[in-house]
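Asker: What follows is each chain in one-letter form.
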Amino acid sequence: MAALEKVDAVIVGAGASGGVFADVLTRAGKKVVLLEQGPDWALTDLISSDIWSRRLKGSGAPILYEGKHAVGRTGDMGWGTGGAALHYSANFPRLLPDDFTIKSDHGRALDWPIAYADVAPFYDRVAADIGVSGDAKAEERWRPAGAPYPMPPLKTFRYGDIWVPGFAALGIATVPGPAGINSTAYKGRPACIYDGWCNAGCPTGALANPQATYLGAARRNGAEVRPFSYVTRVITDASGARATAVEYYDARRERQVQEANVVVLAAYASQNPRILFNSRTDRHPAGLANRSGLLGKYLMAHGSATVTGIFAEDVENYRGSNGYHHISYDRHPKTIRPDAFGSTFWSTTAPFKPNDARGMAAVRPDLYGAELDAFMKVKARGLARITAIIEEMPSLENRVEPADEKDEFGFPLIRIVHTFGKDTLGLWSAAIEEGAAIAKAAGAKEVWPAKAIGPQHLLGGTIMGRGATDSVVTSFGQAHDVANLYVAGCGIFPTESAANPTYTLYALSLRGAEQLVRDWSSIAT
Amino acid sequence: MDDIARRGFIQGSAIGALAFAVGGTTAMLTARQARAQGVPLRVLTADEAATLEAIGDVLAIGAREAGIAHFVDQQLTVAPGHALFSLRVTEFRPPYVDFYRDTLGAIEMSAKSVHSRKFADFSEAEKLEFVELLSHQEIESWDARASQGLVYSVLRNDAVDVVYGTVEGFARIGVPYLPHILPPRTW
Numbered sequence: 001m002a003a004l005e006k007v008d009a010v011i012v013g014a015g016a017s018g019g020v021f022a023d024v025l026t027r028a029g030k031k032v033v034l035l036e037q038g039p040d041w042a043l044t045d046l047i048s049s050d051i052w053s054r055r056l057k058g059s060g061a062p063i064l065y066e067g068k069h070a071v072g073r074t075g076d077m078g079w080g081t082g083g084a085a086l087h088y089s090a091n092f093p094r095l096l097p098d099d100f101t102i103k104s105d106h107g108r109a110l111d112w113p114i115a116y117a118d119v120a121p122f123y124d125r126v127a128a129d130i131g132v133s134g135d136a137k138a139e140e141r142w143r144p145a146g147a148p149y150p151m152p153p154l155k156t157f158r159y160g161d162i163w164v165p166g167f168a169a170l171g172i173a174t175v176p177g178p179a180g181i182n183s184t185a186y187k188g189r190p191a192c193i194y195d196g197w198c199n200a201g202c203p204t205g206a207l208a209n210p211q212a213t214y215l216g217a218a219r220r221n222g223a224e225v226r227p228f229s230y231v232t233r234v235i236t237d238a239s240g241a242r243a244t245a246v247e248y249y250d251a252r253r254e255r256q257v258q259e260a261n262v263v264v265l266a267a268y269a270s271q272n273p274r275i276l277f278n279s280r281t282d283r284h285p286a287g288l289a290n291r292s293g294l295l296g297k298y299l300m301a302h303g304s305a306t307v308t309g310i311f312a313e314d315v316e317n318y319r320g321s322n323g324y325h326h327i328s329y330d331r332h333p334k335t336i337r338p339d340a341f342g343s344t345f346w347s348t349t350a351p352f353k354p355n356d357a358r359g360m361a362a363v364r365p366d367l368y369g370a371e372l373d374a375f376m377k378v379k380a381r382g383l384a385r386i387t388a389i390i391e392e393m394p395s396l397e398n399r400v401e402p403a404d405e406k407d408e409f410g411f412p413l414i415r416i417v418h419t420f421g422k423d424t425l426g427l428w429s430a431a432i433e434e435g436a437a438i439a440k441a442a443g444a445k446e447v448w449p450a451k452a453i454g455p456q457h458l459l460g461g462t463i464m465g466r467g468a469t470d471s472v473v474t475s476f477g478q479a480h481d482v483a484n485l486y487v488a489g490c491g492i493f494p495t496e497s498a499a500n501p502t503y504t505l506y507a508l509s510l511r512g513a514e515q516l517v518r519d520w521s522s523i524a525t
Numbered sequence: 001m002d003d004i005a006r007r008g009f010i011q012g013s014a015i016g017a018l019a020f021a022v023g024g025t026t027a028m029l030t031a032r033q034a035r036a037q038g039v040p041l042r043v044l045t046a047d048e049a050a051t052l053e054a055i056g057d058v059l060a061i062g063a064r065e066a067g068i069a070h071f072v073d074q075q076l077t078v079a080p081g082h083a084l085f086s087l088r089v090t091e092f093r094p095p096y097v098d099f100y101r102d103t104l105g106a107i108e109m110s111a112k113s114v115h116s117r118k119f120a121d122f123s124e125a126e127k128l129e130f131v132e133l134l135s136h137q138e139i140e141s142w143d144a145r146a147s148q149g150l151v152y153s154v155l156r157n158d159a160v161d162v163v164y165g166t167v168e169g170f171a172r173i174g175v176p177y178l179p180h181i182l183p184p185r186t187w
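Chains U and C supply the protein sequences, listed in that same order.
For the first sequence, position 288 (counting from the first letter as 1) is numbered 288 according to this note's numbering, and the numbering increases by one without interruption.
For the second sequence, position 121 (counting from the first letter as 1) is numbered 121 according to this note's numbering, and the numbering increases by one without interruption.
Incorrect hints may appear among the rest.
What the hints assert, rightly or not - Subject to a maximum C-alpha distance of 20 Å in a straight line, what follows is the list of computed SDA-like cross-link-like pairs (lysine to any residue):
1. Lys-127(C) / Asp-366(U)
2. Lys-68(U) / Lys-127(C)
3. Lys-377(U) / Glu-65(C)
4. Lys-379(U) / Phe-170(C)
The hints are simulated quantities; they were obtained by calculation from the structure and are not laboratory data.
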């Protein structure tokens, strides 16, 4: 093992949140190294195919699962630079003010240690940085006013517009969906050409994936990315109060130690706890940043309730962007459903390609052979889909924890334990019933509601809070007991709302990274 | 730059093209071409490939000629992190060959217990009846590590991938492909 030059910051994970930290730090003149478990993808690697796109999905050390609703699966994860944001849909709804005060308002779940007003300026900053298309004024029927989005809404297609009368019939207002996809050229990146391949990775630069935005900028500013680097633990000094380095195994599976003044863990909500648990010492016997005993706890997923309809016309469902055509927060109020607590977020969703998990053939998994062929040839062009994202309340029972089984380097693998509670399941049932009614009202000839709740996204496990006894990190992502250790990503959310999380992830990461730079002298030295 | 020009402006690098061993050299072929040229299988046995082709053709008509066995076989030769088949996005842990070896063996065991013949030798009606039972997880003599539900899902996905998920497959059902970057060798 050759000695590596000490750097200002080592960032574990070159995805959405790691890219933001890298960009902010390099712009401040800091020397930054990013350690990425998977390959280093270029935009030219993003082949338009739902077969080829699977190589962007999770791989690496196995994860063990327990519970009724396995979550954080390979399909939700990323593999390589860009992380999950290399194959995401770039849907950018934001949290609403009451998401930050659930405990105070309802005596349920957890409050955030910050308010919507603390995050709102960073939503606007991110929109300006990487480009968001949408109609902010229209959204302000549900949220406080902010800056307008820098681009108008994306073009919509018939497979999205066809639902609007159905929503209206049930008294549900819809507005254009905000998306991190260019509706016009923006900052040297082209406008979307609506080919419908967002989830295979966008090579044109129209979609705000990390390569096209923060991570790309960081690399131009000198950030070094080391692919195929599997991080095992954070090393701390004898006092246990400071992180000094990160241990990892490189592409040749040789052990390396990267010293740094600051360590940022940005390795997805399941991997950050793994690394922190594996960093246990005499000073931190339960794992690093775990004085509260909450490391790995309060893991959350969103429940997905999809309703697919078939319409008696060609709805052009093979093209468009994966950005939502239309959204609604009308079912957001936490007590709007009589028998289940929490928020629901409605959207008209993405185009269909023939294969893969979101494709035409997956709409009717019961069909095969001649019936499948007839469905694909005749009916598939009339397919359109709406999706409700369902909020899950944080629970101590849902968690990431070390498993007995070890990885190839002798460190424990992780186990994800996750089961949706009755509130989430109740919200899901209500959404499925409501979605079927929307489909009928929209004129769908046949309606196929999902038969089981689909977990998606992974949040929590390293939640933020006011102190070391009730949380893992501060609202900036800074570990309470180790000042030069940061955790970034959806893992720091103490509650999840029902909105897609990445826009909030970007905003929180920008807020945390700028605090780190602002207080660098006291944190890093 | 107009849409069409932009659509083609970063035409593909050939990264990840399917590499088949042909006559001591490596050739970049689609699975359909590999089957048509009789490229030797490297992982699956002839019996396993016959079973996979037979059940694949029931799940998605044309999967045999589209090269389902060669597609899976080629994927089994690459590292799990480079795999493109749908098994990669399930919780099934590598090595992936364990899934196919175990599953295809279980299909043959069940087939013999039902009709005392290989699955590939079933009549078309018998094949449909078997797959219908598999899809409902109702094969009584099932003895595999993976559940019948996972097996049905994965094998159906493989068949759908090679029949409908390719450039030719899109064209077959009249869906414009609209690539930003065309898959290597029309994948």
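Asker: Give a verdict on every hint.
Answerer: Now for the hints, and whether the structure bears them out:
For a cut-off of 20 Å, the pair hint linking Lys-127(C) to Asp-366(U) stands: about 16 Å separates their Cα positions. Distance restraint check for Lys-68(U) and Lys-127(C): the Cα-Cα separation of roughly 33 Å exceeds the 20 Å cut-off, and the hinted pair is therefore not satisfied. Simply put, Lys-377(U) and Glu-65(C) have alpha-carbon atoms about 19 Å apart, close enough for the 20 Å limit, and the pair holds. Taking the CA atoms of Lys-379(U) and Phe-170(C), the gap is about 14 Å. The hint holds against a cut of 20 Å.
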